[in-house]
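**Q** Single-letter residue listing:
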Amino acid sequence: MRTVVVGAGLAAARLAQELSDVTVLGDEPHPPYNRILLSAVLEGTHDPAALRMPVPASVDLRLDARVVEIHREDREVELADRSRVPYDRLVLATGSIPTLPPIRGLVRLDGRLDERVHAFRTLEDCRRLDAAVPHARNAVVVGGGLLGLQVARALAVRGLATEVVEGGEHLLRSQVDARAGAILARYLTRLGTAVYTGARATRLTGAGLVLDNGCTLDTDLVVLTAGGRPSTALARRAGLEVRRGIVVDHHLRTSDEHVHAIGDCAQHGDQVTGFVPPAWEQAGLLARHLRGEDVAYDGARTVARLRATDLDVAVLGDPERAAGQVVEVSNPVTGTHRKLVVRDGVIVAATLVGDLSRIGLITQHYDRATVLGRHEPGELLTNDRPAPPVALPDDAEVCACAGVSAGRIRACASVDEARDTTRATTGCGGCTSAVRQLVLEGAPV
Amino acid sequence: MKTHCPYCSLQCGMTLAREGRALEVQPWPEFPVNEGALCRKGWTATGLRGHRERLTTPLVRDRATGELRAAEWDEALDLVAARLRKLRASYGADAVAVFGGGGLTNEKAYQLGKLARVALGTSQIDYNGRWCMSSAASASNRAFGIDRGLPFPLVDVERTDVLVLVGSNLAETMPPAARHLDRLRENGGHVVVIDPRRTPTAERADTFLQPVPGTDLPLALGLLHLLDGMGAVDEEYVAARTVGWPDVRRAVASWWPERVERVTGVPAAELRALATLLAGAGKVMVLTARGAEQHAQGTDTVLAWIDVALALGMPGRPHAGYGCLTGQGNGQGGREHGQKADQLPGYRMIDDPAGRAHVAGVWGVDPDSLPGPGRSAYELLDALGTDGGPKALLVFGSNIVVSAPNATHVAGRLADLDLLVVADLVMSETAALADVVLPVTQWAEETGTMTNLEGRVVLRQQAVAPPAGVRSDLEVVAGLAERLGHDFSADPEEVFTELGRASAGGRADYSGITYDRIREEHGVFWGGARLFAESFAHEDGRARFVAVEHRGPAEPVDAAYPLHLTTGRVLAQYQSGAQTRRIADLPDAGPYVELHPMLARRIGARDGEPVVVATRRGELKAPARVVDTIRPDTVFVPFHWVGANRLTNDALDPASRMPEFKVCAAAVTA
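Chains as they are written, first to last, in numbering that gives the first Met the number 0: chain X, 0 to 444; chain H, 0 to 669.
Just so you know, nobody snuck in bad clues.
Listing some non-contacts, in silico: residues in chain H with all C-beta distances to chain X over 10 Å:
hint, residue
1, V117
2, A359
3, G411
4, V425
5, E481
6, R500
7, G540
8, R581
9, R616
10, A650
Going by beta-carbon spacing under 10 Å, a handful of chain X positions derived as facing chain H:
hint, residue
11, M52
12, S356
13, R357
Below, a sample of chain H positions facing chain X; criterion: calculated Cβ distance under 8 Å:
hint, residue
14, A250
15, A268
16, D632
What the hints contain is simulated information worked out from the structure, not anything from laboratory work. None of these values were measured; they are calculated from a predicted model. Here a beta-carbon is modelled for each residue, glycine too, at the ideal position from N, C-alpha and C.
Okay, chain H solo, but in the shape it has when bound (with noise of 0.2 Å):
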């Protein structure tokens, strides 16, 4: 059976074979984006079938002993279904609200929006997407009318001349990914990495700059000055492609190198050679991932490399351009169909009255009963349990107490619920907070689509009988659907039939899309496999220069926090780690404290054993790891388990509502 891997946004294709009662992982060479290729979290992806810690039964928190016990599917439904409709009837109907996730299928995430409007009636759903490529969607947006995440395949990577990865750490994130990178290298291509560890991605790079963490905004700046000066930009492109170009001419022209230099810790001669490098350069492609856009300024830190690449004329030229490495394995697909608070299916925006007709028009309602734009994710977490926030949250695919910034916060929001509802496959950390449990099928066990990080709508198709006791989580929603009085769909594929028709017209339109088109050809691009040759989605056709200033960290370093603290992820883990921590053949040694030599000695930290990372939110202990890839004033703490984002900023960026994960003050003990 052909399908793709549970995990991150590059959706590897794998065929899953039984032999004999087990299920094994086999490559599918033929599928273009990895061509075989897969990392040990993919090669061990059956790993949590038949696992020991699946849930398979409904779970009840008792009100006598406040336990979780087993229920009957329809007992817990009707339960949940009474107490949504109890504090709707009290509260209003924002007093219930939903939670997503960027793993869920197209499926899950448009019956999710819908569940929320039309059975529900609330405006409270957001997802954990947010926390992922949000600022690059709204740059993206911005910028060119239109957010993919890669406007181009993949593979054309391979192509380009200079290849700039900013805050990207694909070679550990999304392994096979760096195939590309290598083949580049081969043709003779440069590839240019930016960021604050001199990660395995770095070391397969020909430079590599280490900005102190939340600068690279600035360094954007500074190489536009130095483009602009050495007359490297493509006025022709520039006149015939955009709008905005002498805001930002004028902007940058007070960004000189060494003042460049003195605020991101990157050498004016590094700074330099990078800008000669571009300029020379026939072919440019400037990609961002989290550590470029996951700070309260990541969305004017991506316009403002969009902007280098403008000036270089590069969006829309073959092999060249700007895009943005999704992280989560349906990343780009779940921002799409409605699970985000500001938008309806196909990419339309909530308050637009003519996408609200169209779309109540599918679902059969009236467009004044949808509601409007809601919370976003943090901000609906931070307002749950309080005066006039919402009273119940409906989780599908998220583990919020590891993975929501200012945890400690977040966890005693959700504390303060009438109402928690999980539905996941084993029991998170969240699902254990949870009032009710809803065991739900894993990946190999439901089919669905997923969007790649290229815009490629890929089929993960059931390989298995899920076991008993479980359901799919379009199950799930039909059920809570069906007892608030509507009738959903659980069959994956009428359901991406009806998103289908829901799209059409959209931004992102998956009409012509069929299941049937995407097993027979390798998936299928919404909007045609590479876009912006002739124009870009604005209304004049134009590309959007945004004229951006530097702010910097929402939280400096001072003499009590004098560090900066940035967070990432390890190979052998995804995400909040609720399922690769329970795979037995994925090493799990627990968080760890990176530090450079320098940083050690002064502390009096030794490797391997324990330090004390503190930041004004919360404090972690973990051993030490003493490397000398990272920048001596920074340290660096994997987010897959409980504890890093304990320790994070939850300033959110003013557009994208993306929290600052990947810069706050922190101080270290030994």
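Okay, chain X solo, but in the shape it has when bound (with noise of 0.2 Å):
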């Protein structure tokens, strides 16, 4: 059984080490890297030579390969080259392509990108901005979601003048409600990035980039990162059922039985995901399935990170648009807002911003479902407070080791008369300190 995987992202990486007799094709000339970290080479915390992503040795991997057709009655793909490859099963895992604003000026009269315009989505678009950066002073990115915030930290972090533009009303608006995207707002500015919400760029001339706000940005970059759309062209063009993306079912299957696809290019119900971890998942979810394990996919539980060096964010789900109680906490004093959306007791979506200190316990929660007690929501968007510090009651246990309370030690005149009565410190010797304390407090003032 020949299973060819369309694109060798992180999900067809991921397939391809799960499954026997694949082959990939990838259009790109680098084999299988974990794109998530483009944000953070660039930022430079993270080794380029480590994004490298395994592949077995039995695996087929072709690179440089475009796929330009499918034929579905003969069961074969067909290259740019014209070149044929036979399919059992087909795996599209094609990705998004990332949507071109509409901004004056961005193609130049030759139909080549002005070349302070960068994208920022393959390794190759990473490099090519990489070394524009040491040449730059100052860089617009445009575009406030997840890639922009992470694009513009990476590059303010680089020593970059950065601007933010987004032509919402505030950042992360397809993720959070707008006080927490003000709060983000003031974050980044504290980081010396400034942030234009509800502006859209218009034209890029020679001055720099004109928004419709009647500002000029000067900039020797401009980071292209509003948005992509699953790539689909394939798909359609073979006849699949494509709505926003290649519809698929619960066993993320196309309309064609022997199609499956993955990752951003797929639509299961309503949901087009767009971004690594569920296409990660899915990957994982279809290789079990694929060698006839019993699992369904029932959408992403999705878990959206701002990886970006002192912006703290995570949005669990789609909290503006899931129903439920809303339980929430916002502190825009300490520039904290951290919201849960509850559903019989179940954490359903959550929006988390400066403030990540409970977030290994909610998404736990969330994956899980578990079903939490009233008081609970409420608990975990509260932080711990400290004990006050009280004087140790005469029947607590000091020494652990040698169960002696601190009222035996209270009784001894010194830690010498500790030690020897009662064997107090001659453990782990951890209860030296209280016990000095004590035999003091114990002594006739």
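Fit the two chains together into the complex; they arrive one by one in their own frames, and the hints show the way.
**A** This is the structure:
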């Protein structure tokens, strides 16, 4: 049973790892790498050599292999060089295509992008931008979504004066509410990155990027991060059902039972996910399904995390659209905004900005659909307060190793006496300072 | 009389002094591992001497009444030997099985293996050490080509820069060891503790990470990912002293911190901070213990942490590297001399023809007469009384019905035996089920060697005469061997000398060690105090990186059993408690259920009032202990009492055959 995977991204790599007899067709010249880390590479916190994904030697991995057509009736795909690759099962992992915003001047008269303009999707994009950074003083990032903020922080950490332009009324508008967006904008501003929300870039000129609010941002670099759309052209031409993405069922199967789709190009129910963790999850699930395990995909439980230094953001599910009761604690003074959407005791969505101290627990509850008690959502958003120090009661155990209470030590005149008569301090030694203190307390004034 | 504590693998040095008729524990300050310090278990260790529950006569179950009655030694041993012979004649040699313990001396472990392979001719021998550090053992063998818990003296801890303790609560389980931790911190070092509970050990740490039980493995993968990403891998060391890094490097490329956070419940920022700490440290020491090891993926978990140590270039470097904190008193020696199903003395593998020939030569038997590998501990118990499984079981130094996982099932298997023989000091829960109970000597009443967690062979010396009517395990084994037509020594020093010859040339070679040397040198390390300075024990001298993947607990939580259950020890008790629960000076409040205030409020539990913990295998009712030191999605039950292991999962690690004691799915109700 030959499985052919179109696309050599993260999801394809995982699938190839977990199945035998696989051909992977990638249109990039690089073997599969972890795209999720590109902003960290740009920031300089991750070695680009450590991006490469494992591909078992048994996998037939073909690079620079662009698929131009699917011949479903022959069960073959056709490559740009007109050669054909037969399949028993086809998996489309074609990802998404960045959309060019309607900004005049992005494309020069000769049809090429203005040299100041960068996309940020592939390793090539990352390298090109990385190479441009040392020669630039400043940068404008178009798009205030997750990727945009990551790139903006990366460029700022690299020492560029960076500005973010977001057409919507606040940052991360498809994930969080206005208050969270405002808190984020304040963080960025404090970190030295200017934020323009409700402003659209309209034109790129020699003077800079012109916004519809009248500002012109003088800039050496323009990075476009404003969205992408599922890459569905192949599937559409092949006559597969496509709406926003390639429509798949709970086995990630398209309208052709021999063709599956995973990752950014797929649409399950109403959901097109558009980022790595769900694609990764789908790949794992599809591998199990194709191996014959009885598993079904019931939609992604997504946790979107901003990967950027000094910006703490997590979005679980879709907090702005999920139905349920909202429990939230917002503190603009400290810059924290935390919100849980709870339905029948289960956290169905959440936003955490500025304080991720409980994220490890909240994501566990979310992923496992733990049924919480009535008080629990509130407790999860209230930080533990350290108990004030109190005098130890006489029956409190001070030395666990020897089982000695505070009272017995208070009755001793010296540390030596405590050691000799009670054996306190003779085990792990952890109580030595407490014993010294208690002996002093017990001493007559 | 200089000797060592009867309990854990630290084997603290102590002095036993006669004060009139009493026997008193006093410090032995010169012994370097504990420098005179002891915990309350050590200080009260003589409490079983003259105890009214001490067994002093063999007991045989009366066929008519079903009750145990007193018997003479000859009657009891004759009976056992006759029935073993008969079962062997009817069902073959593998119808008789032997179950040993990690608390037995080296001499006993060796003699039990010889009893099985020579006098009984059975392949069916294993021991409770399989449930202790076997995952670390199989990982160390794989990575380094040798398995010694710590490849350096414990005191080296004080001189490292960053100490990472993964799943160890040593401040409670081996308290005097915590002194080395404190000294490390006084020296400016940094202690990291990784545990689902903020234990007393964690309270002494500079950094504490609190992962979901069963996720130490992805935590290590996440660290490797970050270390590689930040360029902190010691490429020179990796190139010169290891093989396998490229596979590990690719495998960890997909363990980005936010993915690790989601799986482990450890915030990505904490993981990054730890990676930064390790990357900046000159010397890093990683020590694992049961928390990381007692999993169906225990071997892989240890391998992942060894990968971290190797990537940083630490193993073989002074005051750095990887080690396992062994649990039982002779967990180390117990696994080296042939009571393990797949091993012969000297850590020789039983399927290695050269090893078989050597050991058979020492034993004066034909190598072909030695049986092959047998079942691992849990698989052995699971087969008892079944078709093709053993019909008789001889138990030494183990209280199976308290310490085995899925204990209700195991008790059922014991009940299906034709013959259960238990040698013990007291009527343990397992002895109470036996057909024949043989009363044996305890620690201060006999002599023998133990190998502590550092691979240091120490001598426990007899300080007092045993009560009338009891025999040492060595005498019991010799008595059985004699009745089966073999001449075994019961003299510990003679047995040790023979053990030395049998182990000579093996991976754990004791041939140069004598009782006199042990007395003179404060114990003797087999293989030398520090290993790996020049090379590792694989043929090419290089350590192995092993790429591993996270599979997760065998029994994930679900709607019916939504909580993680984990188990562990308390300071004042040891193992199944057969000894410590009977010592009047040690508090014995019974088991309890530790849970977080948020969970307590959810289910309506109150501190001190009973709750019921249920898993797919059983239930336990015990008082709640509401503490904010545990993860709110996890409950903890100590395992020294009957109950905890009725809950635990018997899923096994494919390499080490370690059961998954440390995580299963549970429900708790008030």
